[in-house]
Every structure is written in structure tokens, then in C-alpha cells.
Amino acid sequence: MAYHYVVTAQKATAVTACITGNFTSPTDLNLLVAKVNRLEMYLVTPEGLRPMKEVGLYGRVAKMKLFRPPYEEKDLVFILTARYNAMILEWRLGANNELEVVTKAHGNVADRIGKPSENGILAVIDPQARVIGLRLYDGLFKIIPLDKDSTELKAASLRLEELNVYDLEFLHGCANPTLILIHQDLNGRHIKTHEINLRDKEFTKIPWKQDNVETEASILIPVPSPLGGAIVIGQECIVYHDGQSYVAVAPPQIKLTPINCYCRVDTRGLRYLLGDISGRLFMLMLELQEKMDGTQAVKDLKVELLGDIPMPECMTYLDNGVVFIGSRLGDSALVRLSASRDEGNQYVRPMETFTSLAPIVDMCVVDLERQGQNQLITCSGAFKMGSLRIIRNGIGIQEQASIDLPGIKGMWALTLAPDSPYHDTLVLSFVGQTRVLTLNGEEVEETEIKGFVSDRQTFFTGNVCHDQLIQVTDEGIRLIARAAGGGWALAAEWRAGGARALSVVACAGSWAVAAAGPKLYLVRVGKAQLDLVKEVCMEEEVACLDLGPGGEEALLGVGLWTDISVRVLRLPDLEPLHTEKLSGEIIPRSLLICVLEGVCYLLCALGDGSMFYFTVEPRSGALANRKRVTLGTQPTVLRSFRTLSTTNIFACSDRPTVIFSSNHKLVFSNVNLKEVTHMCSLNAEAYPDSLALATDSTVTIGTIDEIQKLHIRTVPLGETPRRIAYQESSQTFGVITMRVDKLDLAAGGAAGGAGDAAAAAPARASASTACASCSSAAPPPAPPKHAPPPADLEVHNLLVLDHHTFEVLHAHQLMATEFAMSLVSCKLGDDPNHYYAVGTALLNPEESEPKQGRILLFHWSEGKLTQVAEKEIKGGCYSLVEFNGKLLASINSTVRLFEWTSEKELRLECSHFNNIVALYLKVKGDFILVGDLMRSMSLLQYKQMEGSFEEIARDYSPNWMTAIEILDDDTFLGAENSFNLFVCQKDSAATTDEERQQMGYMGAVHAGDMVNVMRRGSLVAQLADTAAPVHHPVLLATVSGAICLVVQVSPELYEFLHQLEERLAHTIKSVGKIPHAFWRSFNTDIKTEPAEGFIDGDLVESFLDLSRQVQQETVQGLQIDDGGGMMRDATVDDLIKIVEDLTRIH
Amino acid sequence: MSVMEFLKDLPSYDEHNFTLFNTDHGIRNCSKRPSIYLPTKDIPSEQIIVTEKTNILLRYLHQQWEKKNNTSPKKRDQSSIEQNGDESRPRKRPCLNSPLN
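As given, the protein sequences belong to chains P and L, one line each in that order. Quick note on the working numbering: the first sequence kicks off at 1 and runs consecutively. Quick note on the working numbering: the second sequence kicks off at 1 and runs consecutively.
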């Protein structure tokens, strides 16, 4: 058996549906957004959209519609999931004024038999909320009459004559619910209406119909009363029809690309927004005329192009000209319609973007900074919204203000105003000078404090006892007190004797400790006086020191040069308590003693970015539990700060880190900043609970996130990224992209000659066209003369990008009909160079699968891309992997191994033929895992001596694979196209050959999203003792932009978490009343089996969000191993500790 | 017709909405996320959606048959005669259930 934990690190970001309505109260205007299986409720406010609540459903939202029954004051939501769970939801304020979601009705509307429609599920609601209509299966129309008074809503199927229905809607203003639909038969597409008799559950009559509307008509828009009727949107023309009048227009603007979504603007239904698949926004307006009888009728339809928007999946008009555009192919957005044009000739202005990674097509896991912390680079988005996303885990800083000031050597916040709880001054020290900044509201201005030395570098300053300020420079210590007139003046000064100037200092309570060379001075700070209490000489020069808590008898930690040791001394006699030698020759640079969660720690950072830390026994001063971590590569400065009333430590370096204690363990979280040289906490009136952070050139004031989370940076490409590979040796990324060039038919026609290719022009500037350095493959042979020229041309490129700046260094264009399918960076045979290998397919529209392709090897060096080899292959190269210094390729149904000869040629070594289409390859040692289009996974072994492949095991189930990965030598993870994950294991110990050849199912779960790519690796650094007991992490990325993590867990942990999971599935009530077990069950067209072998991490981790009382109830009776094999009752704290550790693996 | 006419008098639910939206610093990126709703209180749902299990062909036949019965005036006349007490005729009643179940 295999045991796994699957958890979402980044939730799906693709927007699949959106609606505007009054959901949370009769007066609130809300936006409801569906993202795969989650609903996000927003409130429209003067400041913009305010997030209210996110609701997770145990099902993928297939359709989401709003309706308002006549007796309701606000809107209700009808949702149908992909597995036919229907629900009616209401948002309302509960007892304690908390928003709650009530499932007013629920049930499964699946039929046992029926052919699911290829055009997908359609759901419509009668405008008077009398009935919900569903088209789930071909030839059937299901109605759910909405009857307020009965406890059962009886859904019934009606026979629908029209088999091939493209869209349907209910018409407005009809005495009986009346359906209008677009259907297709042999003669073309037609519209037809059906009146429904709800009592007899049958279609009664066909009020009107119109045969032969446009062949590509696909959208129906019902027009509200009093006009009634419907608008039919086709590829080239738009038609209004209400049974009597028929108005058709063919606006030239819409011809280029199909319209795929719409939203109504005004309630009368005279204006509509239309979005097309290329991301253009149009407005459709009905022009009216008065008829003889005084009623109004549609006279004309007008269409106007408003501008560019994200490529829409859905959109909804909010208020005052603001529209939400939901996208599946990139960032969703809030845009404002404006009657005046901007510089770009647009009537649409973007206001806000909603980051989306969808669809993630490929990704690579790279430790770019070589710090043990991975980043994920994804190929996200498509067409004009194509981009690379750089995703890393860390604590974010929300920047509030920044000041350009280079060369900061130290920074402290002071309170100058009497009796103020807030900081109002920031002191910055530089080489040879000190500057004082006053924080006046949000403004910052430079000032001076009388008595303060400004022409020297300050080593320390702060508020000290008796309402005084202390300033320490190399000269000595200065005490500054309030003067009679309200200003400040020097009150006392102490200078170290001898030739050596002070170099390091620490201050706490009424003590100041300063060091000059090897000499330590302990100075007591009194009211307007500074007294030297003790002076000792250490064995070596002092490199860093810090005073711990403890008042009069505080501990002093000292780091020394030369012998590289840490000493612990006690005040006031500076009596030595403990000596700890640090290994190595790197000098300690910063030392800190602090108490976190009641445990006293001493941390000492060295000049190379590593850090030792110990626990300190407060009485004896003994250091224990020595541990070492690497935080960065530069000298690190440790500072403590407080946020939300807990003490944390900030390690300033080239890789800033926040250190905090959780469950009595130190946890290291990297901060999402490039570098920080100094920092101090700042609690100013305008910047409460903030941090001031200095880099080489600027000071930033900001607040810090409470928890670490994923941070996403976008590198827009303007074209579709398909594959990505990292090449460390050349410090570049290789990216395969595709762009669509429009054929300029006019130019082609002018050239006249048959066979002359029409001039193809890029549709817009994008990464491959804007690149300064370009190359291209030889033009392909002229296409056959009879072939009509395609309107669009897909052009594939290999881009080489710098790994730091992500600048496109070079673009190499492939041949015109050549599609790049795979990419890998590899080092082959004895050749010292690293190459980019690109696998391609040459496409001929008449062939069902590619018959020809190429494997190309490129070398990037000194700013030049050279093609070093080309191998023609008989098919499309779906996947390429480096394998034992050779190149392994899957080409159509075959898996082939190529070796790199000394003549720099790719030579076929061996092949394996037993697949339909071998789409994916993963390798480990001599083993090759092959993912097939429809025949699940198989495992091959490469026999080095014979130079051949042997198929050693196979999963015989008919799974249509979308991604595969090797977890360990025997365990394999697969994802298939019904959104499930499964684990197969090879059984090497089986007795018969037959059993050995069969890979057994060892786990299956419904992931609820289509996994496109799997990569071994994790997003968090494995540091010290923070790791949860999990192994072999694999990252998964999905079509909807989600990133998940699958890890192996021990059988004991699995068993324990499984119990917790079951309890939580009971404790946390499902919105829509879909059972958790139903949602996670492995489900395909042909079978449904309960989930096994996987823990639903999303459910388990929601334990932390429950109230203490509910946690307590959940834990009741749960047994835990106390560490020695004895079982005892688990406490809430045990659970929190285990689950918190699990949350830190992603 | 100019675009002005398309975009004039756009509907307004609350004229204040989006008035304080600040785009001076360029396009904003939404970083706020809604808090997660985790219900632990069981609110029973008022209505259950059930699917009629009868095959639509059977329901159709059933309906057709009923229609035929109800709308045929001859039969209604007959039954009224029966009720009026003509006892000499054999009372033959159509079998309603057996073939259909």
C-alpha cells in the first residue's frame, strides 16, 4: 500500500462563471465569481470590490445562475456541478452577524441512462422563477418546477425532439414558461420555441420558429419584457426575432473572431456587452421604433467595438460603467467603460487585475538563488495573455512608502514626543554621518536633534530610561535628555579610554555594553549620568554582542574574532559562564539573545550567511541544542521585532528571512524581497505595526504578512508559452512559444502567382517578434497548390531567456508548418556542452497524426544560438528526456533512445512499441515511466548491456493520461482526464510473471481539476527541524491554474490523518450537501470508486481555521502515539502542531 | 451613431459605487482574498430535489392513455349511463395498472 497526502498550495484561479446580484442583502450589490469548485462573494463599494466570503463546494461548478422568486427580496443562486449535483444557495447574515450560506434545496439530478451532451451542460431559469430547465443529456430536457410550499422539488425529464442543441433560454413575458433554442440538423441551424406545461410536464406547442439561421449561431440572448423575443448571435450576423419581427445585421467588426460571452447592461435589455474569444469588447444596442399601436418594436441592431479586454470566459456588468471580465486564459479584470477614448483609442479602461495562472501548461522547479529554496516558473496563459509566472513561497512585505537613500549602515526608530505610544522619528546612520528623519503623518522630512552627533556613524540609538535618548558612536556613549525649553540637549557623555574606538554596542534597560577591540565596557545608564560599572578584556577582539533579558543580571552574548567563539557572560560582573567554539574560519557578524515562546535562544550569524543557534539555560548561561542553518551568502544582521504581540527575528541578508517560533520550534520563512541590509520595527501613527527595511539604495516602510504564502511575479510574453526548460550552465531558460500570425490576404492576392505564400504578419508585438536577436529555420517546401491558404498561421519559436532578468535574448523561429512539442536541456555523452533539445512535429491538416518531425539540438553560448544537430523522425516528438547521457524521446506510439555520437549526430539505439500515443516520459535510474494517451502508464527498463528496452509492468486500465511522475522506485503517480489522481505500484516480489507485469492500484482520489504537469520538488526549503514527516514531494499544476503538492506519508501518519479527515468531513458541513466522500471518489465515465490512499490535505488543514471549541469536539476520542508506541487521547494542541507542520510543506 | 450614444447613461444602482476607486497609481492588482467560509452548524435544507424515476416513454404512454380516456365523450356518456343504473350490461372496466407496471 502507498500513503499520500495531497494538498492545494495555490487554489485554482481560472474564472468559470460570474454574476451580479443582490445576494447578501436586498440592498447590497454583489459580484459572485466561480472558480472551478469555489465561489467568491464580493461587495460592490465606492472603493471597489470588497471580498466577503469564499465558499468551497464539493463539486466543479458546471453552471451558476441567479434567480429571484416573486416572494424573495434578494437573489438566490442555482448551481449545478459537473457530477449533476444541483443546489439552491442563499447568502444571509446569521445569528452573530456573520455571513452564512444556506443550502435551500439540493439533490442529484443525474439519470441512470442518457448520453451526456457533447455541447456540455446547459441550465436556464424561467424569468419569473417558475421552473429551472436543464439540458444534461441529448434528447432530454429536465425541468425542476420551483414550488415554494412542497418539501420536494420534483425534477422530470421531457423528450426534446432536437438532439443537437447549442444554446437555450427561457423567453420573457410568456404566460407559460417558454423555451427558445438553437439546434442543428442536416440542413443547418434553426431556432425554435417550446411552451412548457408544468402541470403535465410536457411541451405543449411551438409558438414560433425560424429555420436556417446562421450556420455558426451559438448564443441566445433573451430580451426582457416588454420587448420580449431573443437575440441570436452568430459568427457573422446578429439577429433579433420575437416571432413576428425579424431584424438581422451583419456588422463587419464581429466577423474576425467568434463571440463567446455576453452580459446585459440595462434592465430594459436595450444594451448588451459582447466579448469575443480574442479579447475584444463590443456593445450591442437595440434601436427602437414606435409601432402604430403605440408599442415599441426593434428597428435596428447596432454594434460598436469598445476596446480590448482579457480573453473572456464570462462577464458581468456591475455598476456605473464598471464590468467584471472573468477569464480562463489569464488574469481576470475589472474594467470601466468610458465615453471618451484614451490614448489607445479605447473606450475600455482597465482598473484592477485578478492574477490567474491558468492554464498552466508546463513548469520547471528551479533553485535560482541556489539557496535550497525552489521557485516555480510556469508557462501560463494563452495567446495575448501568455506569460511566464515566477512563483515562490515566502512572507510578503506590503510596501507603504519608500525613500531613495543609498549607503545605510544602521536604522533605529525613536519616540521624541512626550508620552507618545508611537514612533515619530527614524535615525539612519551612514559611513561618517547620521541623519534624522521626522515622520509627520505620512510625510517624512529631515530634521536635527540637539545633542545628537550627526557627523559620525551611529552604532546604536534608542529611547532609554528617564525619558532620555542614547546615542553610541565610535567616540563613546552620549545621553540626551529633554531640555527646559522642550527641546533636547546633551545630558551626559562617556568615552572609552585608550586608542581603540568603540565598534559594537548593545543596549537594554538601564545597561549599555560597548566593545572596543577586545575590551568590553559595561555602562549603567542613569538620570543624566553614565557610569562605567565594569571593564573586562576578552581573549580576542569582539565581533558582535547582544544583551539578553533579565534586567540587573542579564546575560551577555559575545562573538569573538580569531578563535571564532561565542561567550556567554553575566551582568553586572561580566562573569564568564560558557564558551562555545563555532567551527570554521568565518567570523561571527551578528548575535542575538531573545526569548521566543518562553524559550531563550542565542543566535549567531556568520559572515558567509550561515547561522548557529542554541537554546540558553537562563541560570547557568549554558548553550545547548546547537544547530546550524544557511540563511544567505552575505554577512547577516539579526534584529528582533514585534508584530501582533509576538517577538520575531529578522535576518537581514541577500536572502532576508523571518525566524519565529511555533510549537517550540524555530521556523524559518523567507521574505519576498531581494535583499535587506538593515531593518528596525516601526510603529508610527501613519505606519502602525510596520517595519523599516533598508536595501543598498532605498528605505522601505511596510507591513509584514502574518503567514508565508505564494508570491507570483509575471513576465508577459504576449504569445502562448508551451514548454519551459532551465539550463544552469548558460544561466538561461529555454521556452517554446506559439504565436498566431494573420495572413495578409490582400498582399497574397496582389502577388498573384498560385503557390505564393501570402505574407504572414504577426497579429501584435510579442516576445518572439520584439526580440532583438532572431533566427529562423529554412522555409518549408511550398504547400500543395490546391490547398487553400489558412487564415491564421501558427508560428512556433524557441526563446532563450536570461534567468535573472527574463529578458528574451534570442528567438528562433521554426518552419511554417512545424509545431514544437517538447523541450529539454541536456548534456549528452562525453560532450561537455549543454544543449537545448527541441522535438517537433510537421503538421499536415490531412493526416490524423503527424507522420514527420524533427529533433533539433541547439547550443547557446556567448550570446549566440547555434543549431548543432537535426534528426528527422517519423512522427511528432511529444516528449524528450535526458536519460543516461542519451536522449530519450516519445514519437507517436514509440519510445526511442538516441545516443550522441562523437560525430555529433543523434543515432537511434533502441525503440519500444506498445502504445497508442506515448505522450509523457519520466525516468529514474534505468527505469522509464511512459504515460499513454488512453492506456494509462507502463514501466520500461533499459538494459544497458543489450541496448534494449523491456516492458516490466503496466497498468491495464483504460485511463486517458494527462500527467505522470515517478514517486519512488516502485510507486508511480498518474493524472487522467476525468480529474482524478491515482497511484500505481509495481510488485517486484510477486511470484508469477503475470502478477509482476501488472501495476496494482495503490490509491486513487478525485483531484477535481485537470493536471497538466507534474514535477518532483517542493516550494519550501527543508530547514533544520521544521520538516513534517513527509517524503518525495511532487508539484502538480492544473488547467485552472492551481498548484498542488503530493507527498508520501508513513502508514501511521496516514491512519491518524485519515481519522481526522473523517471527523472533519463530519464537522465541516458541506455547502450544497454533497458528501465529501462523493467528491473525492475516483470517478470516470465508466467507474466510480471510493477514494483511498490519499489524505485530503485541504480538508485536514482547515482544522486550523475552526474555533477552539469545535476543534475540541473534533478531537474527542482521537488517539495519538505518544512517541513510545503507547496510545493516548490526542489534545487540540497535538493536532494543531501536526497540522501546522503540514501547512508548512507548501 | 457615435459611441457616445452607446455609452451614455450607463445604469447606476448606487451612484457612489466605484467613485473612490483610485487608478492614479496604474492598474491595481487585487491581492485581498475573501476569508474562507467553514460552516460547522448544520442548517437543514428546506427542499430536496428529487428526480422522477419513471421512464419518459412510459410516462408519455400513460399520459396519452389518460388523455384518450378523459377526452372521449363516448366513454364518459357510457359511464354516466352505467351510473344511471342500467344493470343488465356487463360491467367491464379497463385494466389500468397491470400492463403498465
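There could be a bad hint or two in this list.
Taking CB as the label site, the calculated pair distances span [claimed, not checked]: (1) P:Q1109 <-> L:P44: 20 to 28 Å; (2) L:D42 <-> P:G1000: 20 to 28 Å; (3) P:V923 <-> L:L57: 28 to 36 Å.
Covered, in the sense of this in silico footprint (three residues per stretch, anywhere, with C-beta under 8 Å from a C-beta of chain L), are these stretches of chain P [claimed, not checked]: (4) 152-163; (5) 218-226; (6) 521-529; (7) 1068-1074; (8) 1095-1106.
Source of the hints: derived by calculation from the structure; they are not laboratory data. Ideal Cβ positions, reconstructed from N, Cα and C, are used throughout, including at glycine.
Results of checking the hints against the structure:
Look at P:Q1109 against L:P44: about 22 Å separates their beta carbons, and that is inside 20 to 28 Å. Between L:D42 and P:G1000 the beta carbons are some 39 Å apart, a value that contradicts the proposed interval 20 to 28 Å. Taking the beta carbon of each, P:V923 and L:L57 are about 55 Å apart, not inside 28 to 36 Å as hinted. Given as covered by chain L, the segment 152-163 of chain P passes the check, having 8 residues with a CB less than 8 Å from a CB of that chain where 3 are the minimum.
Look at the segment 218-226 of chain P against chain L: 0 of its residues bring a Cβ nearer than 8 Å to a Cβ of that chain, fewer than three, so the hint is violated. Only residues whose beta carbon comes within less than 8 Å of a beta carbon in chain L count, and the segment 521-529 of chain P has 0; fewer than three means the coverage is violated. Counting residues of the segment 1068-1074 of chain P whose beta carbon lies closer than 8 Å to any beta carbon of chain L gives 4, which meets the minimum of three for the stated coverage. Only when three residues or more bring their CB closer than 8 Å to a CB of chain L does the claim for the segment 1095-1106 of chain P stand; here the count is 3, and the claim holds.
In terms of the numbered hints stated before, the structure departs from hints 2, 3, 5 and 6, listed from lowest to highest.
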